[in-house]
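Visitor: The residues making up each chain are set out below.
Number of protein chains: 2
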Amino acid sequence: MSTAFSPIPRVHLRTSLSPPHPSPRHFPFARIRASLQESGPSIAVVGVTGAVGQEFLRVLSDRDFPYRSIKMLASKRSAGRSISFQDKDYLIEELTGDSFDGVDVALFSAGGSISKAFGPVAASKGVMVVDNSSAFRMDDGVPLVIPEVNPEALEGLKVGKGKGAIIANPNCSTIICLMAATPLHRHATVKRMVVSTYQAASGAGAAAMEELELQTREVLEGKPPTCNIFKEQYAFNLFSHNAPVLPNGYNEEEMKMVKETRKIWNDSNVKVTATCIRVPVMRAHAESVNLQFQNPLDEDKAKEILKNAPGVVVIDDRAANHFPTPLEVSNKDDVAVGRIRRDVSQDGNYGLDIFVCGDQIRKGAALNAVQIAEMLL
Amino acid sequence: MSTAFSPIPRVHLRTSLSPPHPSPRHFPFARIRASLQESGPSIAVVGVTGAVGQEFLRVLSDRDFPYRSIKMLASKRSAGRSISFQDKDYLIEELTGDSFDGVDVALFSAGGSISKAFGPVAASKGVMVVDNSSAFRMDDGVPLVIPEVNPEALEGLKVGKGKGAIIANPNCSTIICLMAATPLHRHATVKRMVVSTYQAASGAGAAAMEELELQTREVLEGKPPTCNIFKEQYAFNLFSHNAPVLPNGYNEEEMKMVKETRKIWNDSNVKVTATCIRVPVMRAHAESVNLQFQNPLDEDKAKEILKNAPGVVVIDDRAANHFPTPLEVSNKDDVAVGRIRRDVSQDGNYGLDIFVCGDQIRKGAALNAVQIAEMLL
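Going down the list, the protein sequences come from chains A and B.
Position 60 of the first sequence, counting from 1, maps to 60 under UniProt numbering, and the rest follow consecutively.
Position 238 of the second sequence, counting from 1, maps to 238 under UniProt numbering, and the rest follow consecutively.
Hint data in this document are derived by calculation from the structure and do not stem from the laboratory.
Hints are supplied without guarantee of correctness; some may be wrong.
The list treats identical chains as interchangeable, and a pair is accepted whether it falls inside one copy or across any two copies.
Straight-line distance between alpha carbons at most 35 Å, and here's what the computed DSBU-like set of lysine-lysine pairs gives [said to hold, decoys possible]:
(1) Lys231 - Lys307
(2) Lys271 - Lys301
(3) Lys116 - Lys271
(4) Lys231 - Lys301
(5) Lys301 - Lys191
Looking at chain A on its own, in the form it has when it is part of the complex (with noise of 0.2 Å):
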């Protein structure tokens, strides 16, 4: 049987009407990538079956990334089925311990457990892990890296000098918000940030868009909705995002932000709060984040700024109501940015509130991880 290489199939093909990015920004390792052409590093991609295993495959292929050899690997289940990356057909292989042997760097996105099991025996056999998971994001001594964001958490880890290690990519939510927020961040340094986030299917994976558009299909027929992956009504409906609920009340996927924010940024005083709300949105996430700031920021300075800020894509037109939307960015590597104005709440110009929008399968997870893994190389 042929797995054919094409990311969540029908869906987004249907709900984006944006083409893949036709000329994906690449990040200045061009030279050194040259020099490993040849003898690019062996691969390893945990999970190539999901959105965001699929998206690793067209991330990789779209950047041009070196390798010697890739592993498609995988649960039983898929094992033995073949897919097919730049005009080759690969074997799925079960993930085991032994599948690490001769590997340079394993991209994990299978969920936590899989990274708990095999992350570590990876590492010790030398790998460089880039694990997309939460598994590992807080723990001492594990990199949590954006790398617009925060490079220098990487400094000292190479691949090729024979020690592994495990890299925690952050969390979709975190890695958009972030990727704005850094830059104001910066120049006027965040005190309190405030994020609403407006999050689409393809984070609880591609079974959750096929439930959103089954689920829409069927409303619309006068049926009862599908309910296998959420619990609630998706189409038509928006919910507080399904991670379990802490006992201080937040979910996880809140605490995330809270959490992966002071880490990245390597500042413990900084002060976050999230709302997360599931939205009928296929593969892009939407935030509205009100930033309050130590020092003064205008408007116009910080639209300058996150025009000038890689990776960042200012869409701002007020005259013409234009904004960024899910849409938009979907399947592009850039976030989005824009309703970006003076927080009429705050006095001077201490306050900002913007809207930022990302791809949350490539940015925010298969993208992020392969330019994690473009900076070990």
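Given the coordinates of chain A, assemble chain B onto it according to the supplied hints.
Guide: What follows is chain B alone, placed relative to chain A:
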């Protein structure tokens, strides 16, 4: 030609799994109403064919609103058609200056320009005008009223005293937010409020709801979506509220929240910022509200206060991850509040995060207006 009375015919019946509220909670005016039952006021409904106009009729009926006679008023286009209400057929009449002769109470929901043109005419003829548009909301001398929040603003105004007046219904997002925030404000005094909205199609009228449904069908069939009401794709997408953007970068919808809150709370110091977003939901708004208080208020006390607040229902089951959703409040009178938790970004008990949902057409518009009319009897 007959226009059957079925509010937003196809759409909400399919997308809302909740039946209309079985026994709407009545405001405590039963006795006053009983004495007026025989000689109740003469009512006019202006904009009766619109989404809110049709909901006016449903609410009047659900609440056994007393009336001696009822006039169905609309534009020339709809005039001459018949409408059925409480087992009687009524002819829709064209709205003119003479429409208000002999009328005691007029419920307006036909847009700001109609209100501006005909509201003062009606008031000058002794009519109590309850206006759902934004035309007069911020005018000095025009009460802006949520009956559960600031009934005192109606003092001295009564139907049948021969003196007309205009009373403004606040904007839907303001009503829904303040239904939850006010009881907490009364206890601990809100200093600052950061609101992000998740607004339904219904706020832009029945045609917008139909467009969302049509677009969704089109997108699922792989066709380009029809964009008549909104310039953006709405199906499986979201976008900044379509209200015009003002020079300060806020859109009108957001500034309504800022200004109306100050007027309703009679507190020019309260600081409010809002980001208003349209999401692909049919008829109920959701709002993520971050509150900063002058005085301490812990989350248990906040829950207790909200449980006892009129017109508010608390849905806050952390273990089951069950919180308010737009679907759950659709066609309901009460505003639902959940995700009530101490804000970890603020010291001590001086901050709370809450999530609020309310039916935009019902409590956000028609029900609130009818409640105002009840208070005027």
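Visitor: The structure should be examined with respect to each hint, and the outcome stated for every one.
Guide: Verification of the supplied hints:
1. Proximity of lysine 231 to lysine 307 under the C-alpha cut-off of 35 Å is restricted to the inter-copy arrangement: shortest distance 25 Å between copies versus 41 Å within a copy.
2. Taking the shortest alpha-carbon separations for lysine 271 and lysine 301, both the intra-copy value of 23 Å and the inter-copy value of 24 Å come in at or below 35 Å.
3. Taking the shortest alpha-carbon separations for lysine 116 and lysine 271, only the intra-copy value of 29 Å comes in at or below 35 Å, while the best inter-copy value is 46 Å.
4. In this assembly of identical chains, lysine 231 and lysine 301 lie within 35 Å of each other by CA distance solely across copies; the values are 29 Å between and 45 Å within a copy.
5. In the homo-oligomer, the alpha carbons of lysine 301 and lysine 191 lie at most 35 Å apart both inside one protomer (18 Å) and across protomers (28 Å), since each shortest distance falls under that limit.
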